[in-house]
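Please work from the sequences and hints to get the whole structure.
Chains A and B are the protein sequences, given in the same order. Just so you know, the first sequence maps onto residues 1 to 280 in the numbering used here. Just so you know, the second sequence maps onto residues 281 to 693 in the numbering used here.
Everything labelled a hint here was simulated from the structure, so no lab data went into it. The beta-carbon is built from N, C-alpha and C at its ideal position, and this holds for glycine as well. Hints may contain errors.
[Said to hold, decoys possible] Here are the simulated DSS-like pairs of lysine-lysine, each with C-alpha atoms no more than 27 Å apart in a straight line:
hint, chain 1, residue 1, chain 2, residue 2
1, B, K388, A, K19
2, B, K517, B, K493
3, B, K651, A, K19
4, A, K19, B, K421
5, A, K19, B, K397
[As the list claims (entries may be wrong)] Distance ranges between label pairs, derived from CB positions:
hint, chain 1, residue 1, chain 2, residue 2, range
6, A, I132, B, R389, 36 to 46 Å
7, B, Q459, A, S276, 51 to 61 Å
8, B, E398, A, I18, 38 to 48 Å
9, B, Y481, A, Q89, 28 to 38 Å
10, B, K651, A, Q89, 41 to 51 Å
11, B, E463, A, I18, 32 to 42 Å
12, B, G345, A, I244, 39 to 49 Å
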Amino acid sequence: MVQPISGQAIYVVLMREIKRYWRAKARIISSIAQSFFFLLFFGMGVGSMFSGGSFGPGGYLGYIAPGIIGMGLLFGSVFSGVSVIFDRQFGFMKEMLVAPVSRTSIIIGKILGGALTASIQGVILLGVSTLIGAFSFVPLPLFVIGVLLSIGVMILITAGFVGLGVAIGSSLNDFHAFQLLVTFVIWPLFMLSGVFFPFTGAPSWLQIAMLCDPMFYGVEAMRVCLGSPVSLDLITIFSGIPVIGPVLVMVPWLVPILVLVLFTSIMVAIGTFLFSRAQV
Amino acid sequence: MAIIEVEELTKIFNGDIRAVDGISFKVEEGELLGFLGPNGAGKTTTLNMLSTLLKPTSGSAIVNGHDILENPDAVRRSIGFVFQDPTLDTELTGRENLDFHGRIYGLKRKVRVERIKEMLEIVQLEDRADDLVKTYSGGMKRRLEIARGLLHYPKVLFLDEPTLGLDPQTRRAIWEHIQRLNEDEKVTIILTTHYTEEADYLCNRIQIIDFGKLVAVGTPNDLKSRLEGDIVSLVFKDPAHLMKIHPLFKGKDWVSSAIPVAGDGGNAGGMSRMMEIMRRIARGRGGMGGMGGLAGMGAGGGHGGGGIRIPKRYKEMIAKAMSSKGGLSAMMKAGAKQLNLLVDDGGHRIPEIVKIVDGAGVELESVELHKPTLDDVFLATTGRSIRDERGSFTETIRRRRITRSARGMRVRG
Numbered sequence: 001m002v003q004p005i006s007g008q009a010i011y012v013v014l015m016r017e018i019k020r021y022w023r024a025k026a027r028i029i030s031s032i033a034q035s036f037f038f039l040l041f042f043g044m045g046v047g048s049m050f051s052g053g054s055f056g057p058g059g060y061l062g063y064i065a066p067g068i069i070g071m072g073l074l075f076g077s078v079f080s081g082v083s084v085i086f087d088r089q090f091g092f093m094k095e096m097l098v099a100p101v102s103r104t105s106i107i108i109g110k111i112l113g114g115a116l117t118a119s120i121q122g123v124i125l126l127g128v129s130t131l132i133g134a135f136s137f138v139p140l141p142l143f144v145i146g147v148l149l150s151i152g153v154m155i156l157i158t159a160g161f162v163g164l165g166v167a168i169g170s171s172l173n174d175f176h177a178f179q180l181l182v183t184f185v186i187w188p189l190f191m192l193s194g195v196f197f198p199f200t201g202a203p204s205w206l207q208i209a210m211l212c213d214p215m216f217y218g219v220e221a222m223r224v225c226l227g228s229p230v231s232l233d234l235i236t237i238f239s240g241i242p243v244i245g246p247v248l249v250m251v252p253w254l255v256p257i258l259v260l261v262l263f264t265s266i267m268v269a270i271g272t273f274l275f276s277r278a279q280v
Numbered sequence: 281m282a283i284i285e286v287e288e289l290t291k292i293f294n295g296d297i298r299a300v301d302g303i304s305f306k307v308e309e310g311e312l313l314g315f316l317g318p319n320g321a322g323k324t325t326t327l328n329m330l331s332t333l334l335k336p337t338s339g340s341a342i343v344n345g346h347d348i349l350e351n352p353d354a355v356r357r358s359i360g361f362v363f364q365d366p367t368l369d370t371e372l373t374g375r376e377n378l379d380f381h382g383r384i385y386g387l388k389r390k391v392r393v394e395r396i397k398e399m400l401e402i403v404q405l406e407d408r409a410d411d412l413v414k415t416y417s418g419g420m421k422r423r424l425e426i427a428r429g430l431l432h433y434p435k436v437l438f439l440d441e442p443t444l445g446l447d448p449q450t451r452r453a454i455w456e457h458i459q460r461l462n463e464d465e466k467v468t469i470i471l472t473t474h475y476t477e478e479a480d481y482l483c484n485r486i487q488i489i490d491f492g493k494l495v496a497v498g499t500p501n502d503l504k505s506r507l508e509g510d511i512v513s514l515v516f517k518d519p520a521h522l523m524k525i526h527p528l529f530k531g532k533d534w535v536s537s538a539i540p541v542a543g544d545g546g547n548a549g550g551m552s553r554m555m556e557i558m559r560r561i562a563r564g565r566g567g568m569g570g571m572g573g574l575a576g577m578g579a580g581g582g583h584g585g586g587g588i589r590i591p592k593r594y595k596e597m598i599a600k601a602m603s604s605k606g607g608l609s610a611m612m613k614a615g616a617k618q619l620n621l622l623v624d625d626g627g628h629r630i631p632e633i634v635k636i637v638d639g640a641g642v643e644l645e646s647v648e649l650h651k652p653t654l655d656d657v658f659l660a661t662t663g664r665s666i667r668d669e670r671g672s673f674t675e676t677i678r679r680r681r682i683t684r685s686a687r688g689m690r691v692r693g
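Rendered as structure tokens:
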């Protein structure tokens with residue numbers, strides 16, 4: 001039985017996510033602090049080892065800042081998706097499921113809500129990075145445009161990873177597996193995303209692993225927006241492809257964006273599917 | 281007009297557990313119907329099917345004129361459901377929980393605001409409406425859930441164990457709310473309970489359900505009057521004495537029935553099974569010590585798969601018995617010690633009953649006389665006390681599996 005998608009249901013589930021996010025002040029503060037420490041201690045500490053322009057005009061700090069924002073997006077969105085486990089554990093899921101709306105509406109609301117809250121988090125981190133001076137090398141008009149573009153990229157990235165979280169949350173039946181998820185899914189996605197080291201120069205097996213990490217393209221896209229150099233090798237790899245290759249060389253943001261669009265579509269579809277057949 | 285019509289409704293879990301076994305019944309508009317039965321009898325499973333949360337294996341049901349299979353959305357709009365386990369978002373306020381519900385049921389803003397006010401008044405939560413639900417007491421949460429279930433003006437309200445785990449005072453208050461809703465607001469109410477006094481006090485009609493089948497249906501008075509006469513309960517010092525006395529009453533024409541009732545420690549069947557498990561543990565002890573063996577069993581008991589699953593309460597009892605001297609014999613004494621006789625004109629028969637017991641050379645601990653209650657009805661129809669959820673070991677496992685399946689239900693939508 002196919003049920004129509006209800007805008008009202010999507011809205012109400014989305015609003016609940018935002019309210020809950022906003023009320024969990026400890027979570028907001030700790031995630032901002034975590035990123036702040038990474039930027040300040042790690043970014044400036046490790047950054048002092050490198051001299052010159054090997055990490056682009058913004059130095060090491062400017063290089064890792066988009067990635068650290070990406071980290072906030074990644075953790076925030078996967079956790080938000082996995083919270084379907086908690087909804088189930090604490091019973092609220094039943095309240096949603098016994099309502100005369102389709103599961104698809106509920107999960108779309110959940111994914112949009114998760115994407116929105118994680119992106120709000122990302123914007124806050126962007127502000128923090130700017131205050132630290134991570135983007136002081138970017139001319140102001142370009143930076144303003146870049147910030148606007150990056151918000152769009154954030155929504156795209158987070159929607160995909162909320163979808164991944166929902167898919168995982170719908171398949172797991174207890175939250176003891178949560179720690180495993182963090183260790184074996186989120187951390188590898190983060191470490192392989194090229195936040196700390198450039199793609200160029202990494203061992204080839206690592207490069208292959210990085211190419212398989214959707215977050216790698218997310219960080220690349222963030223860098224394009226925020227004025228840091230992207231991994232040029234990426235373009236070199238794809239430039240071998242006839243017809244579209246030369247286009248990719250000319251438009252460096254196309255590959256990351258295309259991959260993200262593909263990833264997000266697939267994850268939202270899988271998340272929706274697994275959620276609609278999961279047990280309460 | 282019947283607001284609910286159920287035809288041969290059946291639910292089979294995991295291919296072999298018949299949680300609900302071909303039940304048929306009708307509910308008239310305005311009724312306050314109670315499903316009475318022990319845990320795992322199939323009460324929640326039935327409600328889950330009627331509310332379209334669970335797909336029946338076979339059979340059909342019409343709720344408020346809509347088929348549960350063909351038009352689940354219309355069914356969901358017609359019903360309110362207050363689940364057994366809490367389903368509130370504790371990070372939201374009471375009002376926000378109601379607002380969420382109103383919106384997801386598509387109520388317009390004006391209607392929503394009015395109804396929320398109205399429902400908060402009905403359950404007397406106006407002054408706490410803007411506090412986070414996590415600061416509410418158990419009774420307040422329950423009342424909020426009932427208010428929420430009513431917000432969209434359902435024709436039928438399902439209440440799954442509405443007073444489970446509440447203190448007597450709160451239970452009273454909830455009962456009054458339920459009655460008022462039924463009488464003043466004309467809401468048809470179907471509730472499940474394993475408290476006989478709750479069913480007796482609240483319901484116009486009771487359906488006793490056991491092993492997925494309806495075993496008795498009627499008004500509380502109808503059901504009680506089926507047991508004509510009085511109940512005389514004999515309590516013995518030793519379960520063995522009961523065994524000796526039991527046959528003596530079976531032949532008497534003034535005794536309609538004689539049923540042994542389990543004590544607090546479980547009935548005879550459960551007890552013998554326990555003894556067997558304990559013997560196995562004792563044998564398998566080897567070098568690892570008794571409690572080590574127990575811990576291993578615990579791990580096996582927690583999850584599905586092969587081997588014997590041991591319910592937690594058994595483990596606790598075993599652990600308790602093994603950790604105290606004389607634990608074994610203490611457990612033996614927990615077997616059935618009480619014999620309930622259904623007797624015409626019980627008061628006058630007591631001297632004769634005592635004489636028979638005396639004549640057999642058995643010592644009585646106490647004798648009690650009372651009018652039949654729903655507990656007795658349950659005992660008479662199922663052969664077990666409703667309080668005694670243990671039953672035989674296989675029954676226990678069956679009930680646990682049903683309870684688990686009902687909670688972890690697969691939902692359509």
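The hints, checked one at a time:
1. K388/B with K19/A: holds, 21 Å
2. K517/B with K493/B: Violated - the C-alpha atoms of K493/B and K517/B are around 36 Å apart, more than 27 Å.
3. K651/B with K19/A: violated, 56 Å
4. K19/A with K421/B: Holds - the C-alpha atoms of K421/B and K19/A are around 20 Å apart, at most 27 Å.
5. K19/A with K397/B: holds, 22 Å
6. I132/A with R389/B: 36 to 46 Å: holds, 44 Å
7. Q459/B with S276/A: 51 to 61 Å: For Q459/B and S276/A the Cβ distance comes to about 39 Å; the hint is violated.
8. E398/B with I18/A: 38 to 48 Å: violated, 27 Å
9. Y481/B with Q89/A: 28 to 38 Å: holds, 33 Å
10. K651/B with Q89/A: 41 to 51 Å: At 45 Å between Cβs, range holds.
11. E463/B with I18/A: 32 to 42 Å: holds, 41 Å
12. G345/B with I244/A: 39 to 49 Å: About 59 Å separates the Cβ atoms of G345/B and I244/A, which means 39 to 49 Å is violated.
Comparing the model with each numbered hint stated earlier shows that hints 2, 3, 7, 8, 12 do not hold.
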